[in-house]
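A.B. asks: For reference, the chains in residue letters:
There are 2 protein chains.
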Amino acid sequence: MSGILYGVGLGPGDAELMTLKAARLISGAKVVAYPALAGGSSFARSIAAALIRDDVREIMISVPMKVERGPAQAAYDAAADEITAILETGLDVVVLCEGDPFFYGSFMYIYARIKPNFQTEIVPGITAMTASAAALGLPLAARNEMLSVIPGPLSDAELRTKISAADSVAIMKVGRHLGRIRDVITDLGLLDQAHYIERATLPEQQKKPLANAPDPAPYFSMILITKEADPWL
Amino acid sequence: MSGILYGVGLGPGDAELMTLKAARLISGAKVVAYPALAGGSSFARSIAAALIRDDVREIMISVPMKVERGPAQAAYDAAADEITAILETGLDVVVLCEGDPFFYGSFMYIYARIKPNFQTEIVPGITAMTASAAALGLPLAARNEMLSVIPGPLSDAELRTKISAADSVAIMKVGRHLGRIRDVITDLGLLDQAHYIERATLPEQQKKPLANAPDPAPYFSMILITKEADPWL
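Here the protein sequences line up with chains A and B, keeping their order.
Going by the numbering used here, the first residue of the first sequence is number 1, and it counts up by one from there.
Going by the numbering used here, the first residue of the second sequence is number 1, and it counts up by one from there.
Just so you know, not all the hints are guaranteed correct.
One copy or two, it doesn't matter: identical chains are merged, so the pair holds either way.
[Unchecked claim] In silico EDC-like pairs for lysine to aspartate or glutamate, Cα to Cα no more than 20 Å straight-line:
| id | residue 1 | residue 2 |
| --- | --- | --- |
| 1 | K66 | D192 |
| 2 | K207 | E121 |
| 3 | K173 | E145 |
If you're looking for bench data, these hints aren't it; they were derived computationally from the structure.
Just so you know, these numbers come straight off a predicted model, no measurement behind them.
If we strip away everything but chain A, and leave its shape as in the complex, we get (with noise of 0.2 Å):
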């Protein structure tokens, strides 16, 4: 019997916001996975560190952050290949993951090379965008709006018709992109609606109107449009 990869979803940071199953698999564990940056540090295996056992097996999936697709592509086969070694074995494999595994999250390049040959289970986590809206006191969306996504990378004019397409908007991997998508959300009339947050449910959280947004924005950032209550309410 071969082992089963699974992808566990560990939430935005605060370690309390981690689910009752993940809390379980990563408590028995005898493998654990997770991505990690050039120089080793890994957020994934922060949230989760007090429930790795100490006699655990831990498989760094360090990439490389570059443009060019080859070195990363190389990284995700190294990993796959030292996770497809440990599951022929008969041993479970978890992989550690920021948020949710299926949302905006590095795991699927894991999956993809895992699915085909192993049976995986993956185990939804908390994302940014939903502990954001909490941390902000802001309803993402209710009844019959709509609500987008939108990787902050877009082109302004993509940007543009994305935004005003939507009823409420959570604009993914600000950072260097703030100065220009706030330029955009001024030009749309939208910037008393726009919120700013960072490193949302961490200690060092911090929360503010977008216009008074740091500009570049660090990488766990995130801004969120939501419209006036409705009279509902």
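With the hints as your guide, set chain B onto chain A.
C.D. replies: Positioned in the frame of chain A, the structure of chain B alone reads:
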């Protein structure tokens, strides 16, 4: 000192998909409130049942399923009055919310009434959307893809425009609109990429290609449309 209003997300149905924070707050709660159908059954309460204290005080928010707004508004007003009276005694009130409190939840009607006068805290929950993607084994979005969350009751024309504009789509509140939504998706040439799931994460979960989905669908159902895997994988 007044009490605090907690809006606590419970996730999509599997009690193990509750967060550690939700479990802690519910286990400690002296007062819980939850939405219930007219007959008294409450999906939210059923998810949390094993954690609710025997000596708890319960507030049932029984909202009539009518098209007119008046009766529902009156029900939320009455529940908010009852919650207010408890918060004024210094006790906290934990509102049990299916999924996430701010993601198409009815909690926001209570929140809007209580927030002006009391401290509030929202605990995000796993959404049916991410849980459905996990159960289907379908990544929702990656890199610079746009994800749109679209309510099924929108008109055919609106559905067509909004589905076309996104890379990935989650259609909520499918129910009796299933046939109509499926026709739009078929016309757009997306039927092969469309997946149906009902009662995600519950023992009675059903998932199938949208082509084979029941019409009408039950209330707790969803359609996910995802693009083909990127060559990046």
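A.B. asks: Going back to the hint list, which numbers does this structure go against?
C.D. replies: Violated: hint 1 alone.
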